[in-house]
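Got chain A; can you put chain B on it based on the hints?
These protein sequences, in sequence, are chains A and B.
Heads up, the first sequence is in the numbering used here, so the first residue is -17 and it goes up one at a time.
Heads up, the second sequence is in the numbering used here, so the first residue is 74 and it goes up one at a time.
Among the clues, some could well be false.
Said to hold, decoys possible - Partner residues are not named here, just some residues of chain A that face chain B (Cβ under 8 Å, in silico):
1) N74
2) S92
3) F95
4) I115
5) D186
If you are wondering where the hints come from, they were derived from the structure by calculation, not from laboratory data.
Note that the coordinates shown come from a computational prediction; the quantities given were computed from them, not determined experimentally.
A virtual CB, placed ideally from N, CA and C, is assigned to each residue, including glycine.
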Amino acid sequence: MKTIYFNKFYKNFNILSGVLIIVSLLFLIFKGLNFGVDFKGGTLIELRTDKSTANITKIRDSFNQMNLGDVSVKNFGNETDFVVKFEKQNSNDPKFIEEIKIKLSNSIGSVDFRRVENVGPKVSAELLRSGVIAIVLSLAAMLLYIWIRFEWQFSLGAILALFHDVIITLGIFSLFSLEINLSIVAAVLTIVGYSMNDTVVIFDRVRENLRKYSDVKIFELTNISINETLSRTIITSVTTLLALLSIFIFGGEILKGFSLAMILGVIFGTYSSIYIANPVLVSLKVSQRTIVKEEKNN
Amino acid sequence: MLYFSKLRIFSVLIFTLIISYFTLSNFTKIDDEYFSKNIKLGLDLQGGSYLLLEIDNEPVIIQRLQSKVLEFKKFFKQKDIKVRNFVIENKAIIFDVENSKIEEVKSLLDDDKSEVNPYFQQYKSHQFNFDSMDTSFKLEFSDYGLVLLKNSSLDQAIETVRRRVDEVGTNEPNILKRGNDRILVELPGLDDPGRIKSLLGKTANLTFQFVTNNQEESFGTEKLQFEDGSGETIVSKRIILSGDNLADAKPTMNNQTNETVVSFNLDRVGAKKFGKATSSGVGRSLAIVLDGKIISAPVIREPIVGGSGQISGNFTFQSATDLALLLRSGALPAPLNIIEERTVGPELGKDSINAGIMSLIIGFILVVAFMFYKYKFFGLIANLALITNLFLLVGILTLFEATLTLPGIAGIILTVGMAVDANVLIFERIKEELKNENNSIIAFDSGYTKSRTTILDANITTLIAAVILFFMGSGPIKGFSITLGVGILTTLFSVYFIARLITAYYVIKNKHKEKLI
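With the rest of the complex left out, here is chain A (with noise of 0.2 Å):
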């Protein structure tokens, strides 16, 4: 196969990458994520409508009229599903819910809940401690497999490349209000896993380069073993997004957010395993020196 130049482009994403995670970042302190009910606290009630009588104005005119609080309508999946949150939770009246849907029927006809989801604030308080303590403990845990498994140099990169790849997706999210759930922190966790799994494998066969050529610079070393690896990285990256697409298109409408951060891991940790994680190795000048002495220590 023909070698493609990817070394070349090193110093252009390097920007393009440093711009997105800012402006990720900037969202992020600035707008902030859309945090659903598990982590927010609230009422979700999924709900099916009739066909003729129902629109997102009624629903929410009716809704607003209950004092809920905040209450926010989307049609979810098709037009008689909706989803409806609001602020006020109530699980400890056991009529909360009926009469809802007494006043719903009253209003707009017959409605069927198909899906009604009521966290207490200390819950979700807790939901989204142990949600972040998950995501940083699963950073910290694949920083210390690879710092045992590589040189330093090369565990800078890949957590470097991980940080980049849950920034911009989050920084995704934010820029477009989708909602965070608790799927979405097992989507990023599975991110986590999968870019990090991408990196890798790269590493692995910089290493291997390392021993083999005394004599090449890290950064044409860098790009002959991306080379050498790109069918892997392609064509796991496609068999991976084939089976993600799936759940996006046919999994339902509660899949879909989950899906759709996977989907952005996925590109987004193939491309920062390529021009994240090799440009820091090469500006640690890492040489075959690096993995000699390391072997001597031990």
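Relative to chain A, chain B alone:
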């Protein structure tokens, strides 16, 4: 890497067949608990209700402190120590001791063997911590004392919750402790938890207290509201009888008044107490109080000595049934708050299963087709490994009766996409090796050997993510981490045993063929 002993081939095949059998057992019906297992569906797939309850232990703590105060008074009286000004404030007992006895009280409270430290012998820890300033003493539950108290009230509460849920007769409820003040209730198949919630939301503390003729609240009496909001009245604080003495309760029709009532039977001790109180109190009103509200306060016309009676109070049949159920199942030690509720209707569950299976099939076909397009014959090998992988994955989930959730199905689909990675790494490596090596057996062998560390590295990283998610995640997300984690193990097995076995066989047969892969 290409050599397999006969024994190994045999064990790989047997293992694969046994596990695959369990996959199939999901689709058959055999009446045998060892051979017919089914994957459990999570509440998000089969529909049902998930409730997380938290005990509000404050009333229990206050109650314990009150009885402790009585105990202390008695204890110090015996020791001839004058103590006064007992108050309970901020979950602490505060009292004053005469000047000369301060040191004695301190040493008594410190003494491991004294009666005020009943736990010490057993747990080597005090039930209370104390602080003293001049003549004033302050006693608070120690951390250990608090844990003990919480655990015992949780144990008691979980029993009551179980009885109440069982009485309603839902399908295979799952009731579990969470930490030391929470109870998780899973009710498969229940799409309207309203009734259960109203049953669990009541402490159901039943007491019988005499109505006094006083107009004002005074010492030993309290003002209570009527349940139906029709006013309030003053009752004596003395409890004639409590729900603890109830042996049975059921809703019945009162033939004379044509009204639904709850009739109850008392145990022996209760019958005796009730007989005595009603004999002496003929003509007085006896208030029947549930959770601090009066249900009704009938006038006692004659002594009730048989140990059975009726509670009337404008019940519908449903509310009488519920009250009887609450009384039968006993009172909760403390109020329960529902702090999280998730309910999925059966219809949505079914839709989710269909969508999940649909995307699994389509994702599978896409990946299989792509692999065949890319690798032709070796694509078939990878696909065979993939199918085996799926059978193993589902089989293991079935064998351990893991719970399959919607994110769990997503985990399976994701495994399909990522599982081929290992074979891709191997095949690509073999292609490279073949460039410099004419002997295809050696090339294949070193392809396997050289890709091994990379494959392990790559899979361990995903496994780490899955394990962390398993411990940190809850409910459906846990289901995802299980399928993802088990998926990695079955992937490695199917790649290294199934695919490698077929590859080895094929390569050895066709070693002289040009362009094997």
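| message | Holds or violated: the hint that D186/A contacts chain B, with Cβ atoms closer than 8 Å. | response | Check passed: Cβ of D186/A comes within 4 Å of chain B, closer than 8 Å.
| Hint status (Cβ of N74/A to nearest Cβ of chain B, threshold 8 Å) | Since the shortest Cβ distance to chain B is 5 Å, the answer is holds.
| When the nearest CB of chain B is found for I115/A, is that gap smaller than 8 Å? | holds, 6 Å
| said: Next item in the hint list is S92/A. Is there a CB on chain B closer than 8 Å to its CB? | reply: violated, 14 Å
| request: Against chain B, run the beta carbon of F95/A and see if the smallest gap drops under 8 Å. | output: This hint holds: F95/A lies near chain B, its Cβ roughly 7 Å from the closest one there, short of 8 Å.
Checked against the numbered hints given earlier, this structure breaks only hint 2.
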